[in-house]
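Trainee: Since chain F is already given, all that's left is putting chain C on it; use the hints.
Going line by line, the protein sequences match chains F and C. Number 156 in full-length UniProt numbering belongs to position 156 of the first sequence; there are no gaps in the numbering. Number 187 in full-length UniProt numbering belongs to position 187 of the second sequence; there are no gaps in the numbering.
Treat the hints with caution; some may be incorrect.
Since the list gives no way to pick out one identical chain from another, each pair is judged satisfied if it fits inside one copy or across any two copies.
[Said to hold, decoys possible] Derived BS3-like pairs (lysine-lysine); straight-line CA-CA distance at most 27 Å:
1) K30 <-> K456
2) K294 <-> K364
3) K299 <-> K79
4) K151 <-> K299
5) K537 <-> K418
6) K79 <-> K456
7) K105 <-> K131
8) K294 <-> K105
9) K106 <-> K131
10) K299 <-> K131
11) K418 <-> K131
12) K159 <-> K105
13) K106 <-> K299
14) K105 <-> K40
15) K299 <-> K144
16) K418 <-> K151
17) K79 <-> K310
Just so you know, these hints were derived from the structure itself, not from any lab.
2 protein chains.
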Amino acid sequence: MRKTIHICSSFLLIVALFLADFSLAQTREKIDTAMVAKIKDEGMNRSQVMDILSMLTDIYGPRLTNSPNYRKAADYAKKTMEEWGLQNVHFDSWNEEFGRGWELKKFSLHSLEPAYFPMIAFPKAWSPSVKGTVQTEAIYLDIKNESDLDKYKGKLKGKIVLFSGPTPVEPGFKADAHRFADSTLLQMANARLPEEFPQRGGGRGFQGVRTALQLNYLKWELCRTEGAIAVLEASPNARLEDGTVLVSAATVPYSPDVPFDKRERVYSPNAPTILPQIVVSAEHYNRLYRQIQKGLPVKLELTLETAFTKAESGFNVIAEIPGTDLKDQVVMIGAHLDSWHSGTGATDNASGSAVCLEAIRILKKLGISPRRTIRIGLWGGEEQGLLGSRSYVKRIYGERLDVSAPYDSIKTTPAADKFSVYYNMDNGTGKFRGVYLQGNEAVMPIFREWLRPFEKMGASTLTLNNTGGTDHLSFDAIGLPGFQFIQDPIEYSTRTHHTSMDVYDKAIEADLKHNAVMMAVFAWLSANREEMIPRKK
Amino acid sequence: MRKTIHICSSFLLIVALFLADFSLAQTREKIDTAMVAKIKDEGMNRSQVMDILSMLTDIYGPRLTNSPNYRKAADYAKKTMEEWGLQNVHFDSWNEEFGRGWELKKFSLHSLEPAYFPMIAFPKAWSPSVKGTVQTEAIYLDIKNESDLDKYKGKLKGKIVLFSGPTPVEPGFKADAHRFADSTLLQMANARLPEEFPQRGGGRGFQGVRTALQLNYLKWELCRTEGAIAVLEASPNARLEDGTVLVSAATVPYSPDVPFDKRERVYSPNAPTILPQIVVSAEHYNRLYRQIQKGLPVKLELTLETAFTKAESGFNVIAEIPGTDLKDQVVMIGAHLDSWHSGTGATDNASGSAVCLEAIRILKKLGISPRRTIRIGLWGGEEQGLLGSRSYVKRIYGERLDVSAPYDSIKTTPAADKFSVYYNMDNGTGKFRGVYLQGNEAVMPIFREWLRPFEKMGASTLTLNNTGGTDHLSFDAIGLPGFQFIQDPIEYSTRTHHTSMDVYDKAIEADLKHNAVMMAVFAWLSANREEMIPRKK
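Looking at chain F on its own, in the form it has when it is part of the complex (with noise of 0.2 Å):
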């Protein structure tokens, strides 16, 4: 018997090891290296995606949803992916409303006294106008809890408000850029599948976290019943330094007793009449309060004129290059079209849009016809909650009725049964070195074999991690395979996210080229596939 099996088991290792083999050709996904090829050709080669780049920042910058530079860019978006001979091009009405468009129309800040210099700033978008260019006292407000608030009554009346206290300055001793080092990516590589349902922390600190709100409330309320005429702001984060400001929607303030279902977004119609609002560069803020400590007085300058548009639907920009044998079906791949307003939301997510209307100009421009439909979602309101992907996938594919329970309560249309998947870009400018998997292992062996040709280019890391906040979560919410790509960080979190240093030149060409290329061949490989990309369990 022993023998016999010795004999046997050099036979069977012989047959274990071609079926081995010949299982693992069953499985290993094709890839039709040729177009990948004519792909990366055409994308390195004769790439506009710089050019995109350029026109929705330099041009159509910065496109706040609804504004009119995010109609223009829009219109831009549009006429460009028509001109390239895209189907079905469209503006994608939302059918409900989002609320009113805003400009700055003019903006100026200038210290006049003790000394006089120009100010970095910014308002914060939805702030309404300064009627005429005003010269006043600035006064800083020195409340540490209610009963500070006495203090300040009757001395606002016309007066510009320093509301927040000063932004501690460090030196740059780290770089504001990097790309991510194999530890991160073998980290990523080795994430396990997350949970579906996160821990959240306790209610620690919760009345003290209260207390502050209401406070908050208190000198917001102050302010404006005390006649004040602006509010300025430290820029806050302590990182975002040499004069760069992260500004994002003035604040529509309530307290905290308030439930946030019954609270007017900035943007609404029917939002309370709030105080202008600006948010001052960190160095220059803390300049006027030192000087305000000094008991010196402060006066300062200041031109603020914006502009609303009247409250309507907002909308997202659609195309496609229809498919064939397999038509009904649809790969999608998209990024959010609109921005924050300092900047010209370059990295906040023109690089995303350019990126997308680049991979879909490659495979329009290479003349091919895929199995399934490619279609292109530019996409409205990601800033204001993902609403213009969240409108498309609810209209079009479904919802989930119940927020609170992830996966009981979907109810899809019957196109959700022909959505393969969608792809996104929203993490700035940095290369793509891979996926995350948003918790789906069944399209791990697939990404595996799609991410050969760029093994090189450093892109070769699949994350079972999840990422959020972006459009991907509006597919992934109702059970669509939704997915972001991992990027590197480059300067996002430390610069130019929300910022006004979110601009065209913070953008790297080699990264976005690489992106469109990667972008065009997974649209192109899962339009062609056999099967659909398989959806999470």
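Mentor: Chain C alone, transformed into the frame defined by chain F:
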């Protein structure tokens, strides 16, 4: 014999060791450690250096030579030193005309078309005003050789000219700030005596440079004769980004044919009429450039109001703690008080001025009576060529008649024989790590001992290397001992030097305290040692 010798050798060894020790005791510099401890205690625990810095920057900054703010800062320094009880506090007139002072009264620059945005920019010092607020087109001067000049004939009248090419912007993969690594300090410590006359590079490429200078001159002349309203240039430094602008004096265009001694300085009352000149942040300038390259009309709105004061002499601020038995002999500390104008001149050089003021405050506060007189000099006109310190040295101590033959033509006064040493600070906010010996080998054993109390604080490096570019050179030029400390670079060359971000928040409190203590200790030890500081051979 052998045995005797053997016996004797032990005895001789002991004698030799005793003598060696005795001889060391003879040459080793004495330190009054109790006094050093008192200086450290006052400087570290009751420091006023940041308060002084805030006054010089937040309140009286920037301090362009002979500007109203320079005078205010000088008044503050004088008054403060008088309050501290210093003697002989006075303004030290150069007794020769510097030229006109200048200040910025109002500046703003907005892009109106094709997209509105407020621009980060700053006028060059001594730029003239633009009358009223002007809205006009911006023209990019695409001139590569003289034949291109004609293209712009008749096209610049009333226009704003983009004079320079765009500045490439790179992601910030290198940190702005760093401290010297041990390896760098070791290189300094191991430096050989510098050559008296360093070899200059040959004339290679001189013709090319001359052609470029001539073309540049013709471009300026074109703008002026064609009636352009103002000239914009991109902030030039590829490392200074994120909206930081590097700005110094306005250009007075001269053909390379005009010898340097025939050229008028921009602050001279005889300077030719020049155009208003503004430096724009690289990111914003590049945006305009790309808009224009797309063929889009770019419309800007410019307000620029500047004011000149009448031409008069420059002046320094001088004060002293009188000496006792050697009061005719002088130990000096100093720093330049003047600055460039787009920030508040914090690291260049309110930090040096604040450190010297704090050092002399500490010494005065301790109620000590130094043997030699300890004098402080706060210089004007450093940024225009060490004017204040050169004038002071020339009037009091002598001059080098032939600057091309450094030490052969020096003519000194009797006062120079009683001048011991000058210590300067002017390399930003960074911590003192040692001393540049300026080729003076004789001071090495002295300073080696004086650095002992600072060894554990990271300041123990002596280098024979020279350092240049600031006021110790005025003393060194006539053979008087003049030193600068080795300072950690921090963000000096990467972010703050001559830029809009040279502001208070860029100063590091711990470093300035350390420096003030060291400056006070070096002044004290110099004032009380038996001999004056030895001079270079």
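Trainee: Which hint numbers doesn't this structure obey?
Mentor: Numbers 6, 11, 14, 16, in rising order.
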